[in-house]
Amino acid sequence: MAWERCCRNNVVSNVTKESGTTFYMEFPPVVKDGKFFKNSSPKLTPPPSDYACQGELFSYDFGSSDADGDHLVYDMVSPLNGYSTPTNHRPPVSSGPYPEVNWLPGYNQENQILGDPVVNVDKATGWLTVKPKYSGLFTFSVRVQDFRNGVKIGEVRRDFQLLVKACPRNDAPEVTVIQSGNLTPYSAGQTLRISPEDARCIKIVYTDPDQNEPLTLDIRPVNFTNSGIYSVSGQTSGIVNSKGGSKTLEASICLEECFETGDTPYQLDLIVTDDGSLGCSLPKQAAIRLNLVVEKGRGKVPFVSLSSPTRVFEVTEGDLISFDVTGSDADNDVVTLTAVGQGFPLASQSVSFKGASGAGWVVSSFSWQIDEKALKQPSYLIDFLVSSTSACGSVSKRLETIEVKPYRKSNLENNTIKADQTVCPGETPGGLTGSLPTGGSGSYYYTWEVSTTNEDKSFTLAPGNSHEQNYSPPVPIQTTWFRRKVHSGLNDELISTAVKITVREAVENNTIYSPQTICANTAPALLTGTEPSVPDGTFAYQWEYSTAGPDKGFEPVINANNGKDRDYKPGALSETTWFRRVVVASPCPPVPSNVIEITVAPTINWNTVSASQVVCAGSVPDKLSGPAAANSPAVYTYAWEYSTTSATEGFSPAPGLNTEAGYTAEQPQQATWFRRVVRSSHCQSISNAVLLTPEALPATPTATGTTVCPNQTATLQASTPTADTVIEWYDAPGGKLLHEGNAYQTDPLQQATDFYVRAISKNGCASPDWIKVTADVRPATADAGKDITIVEGKFVQLEATGGTSFNWSPAAGVSNPSIPNPFVRPQKTTTYTVTVTSEQGCVSTDEVTVRVLPLIAPPMPLR
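The opening residue of the sequence shown carries number -11 in our numbering; numbering runs sequentially from there.
These are computed hints drawn from the structure, not numbers from a lab. Honestly, I wouldn't trust all of these hints.
As a list, the in silico DMTMM-like pairs of lysine to aspartate or glutamate whose alpha-carbon atoms are at most 25 Å apart [as the list claims (entries may be wrong)]:
(1) 488 x 519
(2) 235 x 206
(3) 364 x 283
(4) 760 x 728
Here are the computed distance ranges between Cβ atoms for each label pair [to be verified]:
(5) 86 x 16: 17 to 25 Å
(6) 151 x 94: 49 to 57 Å
(7) 16 x 245: 26 to 34 Å
(8) 443 x 418: 17 to 25 Å
(9) 136 x 216: 40 to 48 Å
(10) 221 x 18: 51 to 59 Å
(11) 655 x 710: 43 to 51 Å
(12) 342 x 525: 48 to 56 Å
(13) 652 x 539: 51 to 59 Å
(14) 525 x 636: 38 to 46 Å
(15) 594 x 655: 25 to 33 Å
(16) 539 x 216: 15 to 23 Å
(17) 216 x 56: 35 to 43 Å
(18) 216 x 149: 44 to 52 Å
Quick caveat: nothing in here was measured; it's all calculated off a predicted structure. Glycine included, C-beta positions come from ideal geometry on N, C-alpha and C.
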C-alpha cells in the first residue's frame, strides 16, 4: 500500500517547496520456515504538539513499545519524497524504494535541524534532543527498526514537523530547602540529618524572577517508593510576583513518625517548573536533589521520680532509707524500672528493691537498712533507670541517681559561690568566684560540677580548669547550674549551693531569600525574609550589605527606610553585592541571617551596528555588522530583528540566518529598520537601528551617435526621464568614467569609436542596461576619375565623387566649376583639381589630367 502527494508545506525551512510526501506499508509473510510468524509493529509515541525555542535545548521522548517484546533501535532518516511533482500531484502507485526529499543547502540526513547539538535520537531509548540554531518550521523523520534474535524483521518510520520559535526571554525558577531550626539553606550535595529530637518537616520555598509566573512543584522519590513515608502540605502550585500577590510559594514535606533511613540516604528530587514567558517560551525548571538521613526515633523520654526529695542521704548506723520509685511514659509505652549500684552490687548490702514493668506506669519500693557494713565505704551511688519502648521500636531511658553517705562530723564551713547570671546565646558568662573555706582537717581540694537538669541533681565534673577556688564557665548552650565541692583531709566534704546561669532564648527563623543574578545597573527583585521568633517579641530589623565578600565588610543600607523593614528592595547595583538581615533584640547582640549573594553581570555596552544604506533594486544589501564579544567568559547570543514601522516599534525576528554577529538582509521591498539584540545569561542590549531604503533603478537613457571628420571632436547626446539622475559616459561597460552630463564632447577622433552611457541616481543606483553610442569618423574621399585623352578641339565631361559640394580649378574653360561633372575643352593637356566637401564638412582634393592630342590635318588629295 502506498500514498503519495505533492507538495509539503511551502513554509518548511529545510526542504524544497517541491518536496512531496510518501507513506507506504509492506505486509511481511505470516508463515516463516513452515511456521506461523507473528510480528506486531512497534507502537510509536504520538508526535509532539509542543514547539522548540531558538537557542534552547529541546527534548522529546519518542520511545516506543512493541507487543512482542522485540528489540527496538532508533535512528534519523531522510523523509521520503516519492515520485510526485508540482505538476503531477498524484503519481501512479509504485513500489519502493522511493526517492528522498530534496534538502535545502546546509541540510541533510545527518543535519535535519541545525543546532548544537543538531537534532538526533538516542538509538537505545528514542530520546530526541536538539538545540536549534534557527527559527522556522522543520521536517524530520525518525525510524524504529524491529529486531528479534539479532535479525531485523521490520521497521516503522514517521515524518514529523517541529516549529522553532524565537522565544522571549524566560528566567528559570529558584528553589530553596530549609531544615527547621537551621538558618542556612540546604546546599546541593550535602546530607540532611534529622535526629529523633528534630522536627520532621522540611520547608520548601520557591519563586521565579519573572512577573506573574505560574509555578508547579513536583516531588519525586529517587531511590525509594513513597508508601506513606512522607506527606506534602502547603502550596504545590501557584503564581508568584503578581500585583499584590506573594513573591514566593511554600510547601512542606513531613515524614511519618516511625520512618527512618538507616545509614543510606534517601533521595528526593524537588523540581519546580514554570510555564515559560507568559506561555510563549519553553518552560524552565529548577531542581535540587535532597539527600536525607532520618535517625531512628525514640519516642518521648520516660520519667523517673522518687517519693523522697532527698538525693544525698547522710546516714548513721540504724537509719532506714525508704521511698517509692515511679517510672512513667507520656506515650503510654511499656516502661521498665531497675536499680543498679555504681561499683557495688545492691545484694551486698541490706537493700530491698524489686524491678518492675508496666504499660505507661510502674511503681516499686526501695529500702536500705543501714548497718555497720554500710559504714565501711565513704559514699554509695545508686542509679534508678527507667526505660520505655516506643511504638516505633525505639528505646528511651532516663536515670535518677542518689548518693548514700555515712555521716562523719566535720567542721568544714564557708563554701559559697556567686553569682547567678543571665546571658545571651553564644555569650561567655562572667567568672564564678568561690569563698575561701574554713575548718576541715587538712588542705582544701576543689571540684566544680555542672548540671543542665536543675540545682540539686545530675551534676558531673565541669569542663576546663575545674579544680581551682574560682571557675570560668564556657559558653553555655542552655540554662546551666554550677556548684563547688570542697574536700579537706580524707573524709571532710562540703557542697555549695548551686548558682544558675540562665541562657536567654535564641532568635530563630531569621532567614532571607533568594540569591539572584542581574545585569549591572539594574535593581534585583525584592529580598524577602521570614518572621523571626523572638523570646519577648520585641525586636528591630536592620538590613546590611557588603561588596567585599559574604563574611566581611557589612554596612547598614541607607535607602528604602534605611533597611528597617522585614523585606528589602535594593536599588540598582553596579557590582556583586551580599546582603543579610540583622535582628536586634536587646539586650542580646544582633543576630544576623543567612547571607545571599546578588551576582552582577557586566552590561553589554559595545552593541552598535552599521550602517544605514540605500539598496538599489536587484542588488543585495551590504552586510550589517557590529562588534562581537571576544575573550569574554560570558556567553553572548545575537538576534537580529527588523521593522517596517519605525526605528523604535514593530520589530520581529529577521528572516534567515539572524543569530550571528553580522547579518545579511534580503533586498527590502520597503523602508526597513534592522537592529541587533545581544544577550548574555542575564543581560540584554538592543543596538541602534539602521535603515535600509529600497530605490528603483533609473530608466535606461536614450542616446544618439554622430559622424565627424578625422581629427575632429564629436558631441554626443543622451537623456533619461528619471529625475535626480546623472548621465555617465564610459569607454566600456564598467570601464573608465569619461564624463558626467547629458552632452559629451569627445577628444579628436581618427576612427569610429563606441562609447557607453548609463543613468545613475544620487544614491548610486544605476540604470539596468548600458547604451552603446557610436561616433562615426568618415573622411572626405575626393575622386576626380581617371585621366582622359582627347583630340584637340573636342569636349569631354569630367566626373568627380566623394562629397556633396565640388569646386574645379582651373575654372577657365570649365562649363560649371561647382558641379561634379562639368564639361571642358582644353586646347592643350591640362590637369584639373577638384576640391570636394563632404556632408560633415570634410575637405579633400583629387586631380585628373586631360591629355589633348593635336589635330592632324590629312594631306591634300592628289588631283
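Now the hints, each set against the structure:
no.	hint	result
1	488 x 519	31 Å, violated
2	235 x 206	19 Å, holds
3	364 x 283	46 Å, violated
4	760 x 728	15 Å, holds
5	86 x 16: 17 to 25 Å	18 Å, holds
6	151 x 94: 49 to 57 Å	19 Å, violated
7	16 x 245: 26 to 34 Å	60 Å, violated
8	443 x 418: 17 to 25 Å	19 Å, holds
9	136 x 216: 40 to 48 Å	42 Å, holds
10	221 x 18: 51 to 59 Å	57 Å, holds
11	655 x 710: 43 to 51 Å	19 Å, violated
12	342 x 525: 48 to 56 Å	51 Å, holds
13	652 x 539: 51 to 59 Å	52 Å, holds
14	525 x 636: 38 to 46 Å	55 Å, violated
15	594 x 655: 25 to 33 Å	29 Å, holds
16	539 x 216: 15 to 23 Å	43 Å, violated
17	216 x 56: 35 to 43 Å	38 Å, holds
18	216 x 149: 44 to 52 Å	45 Å, holds
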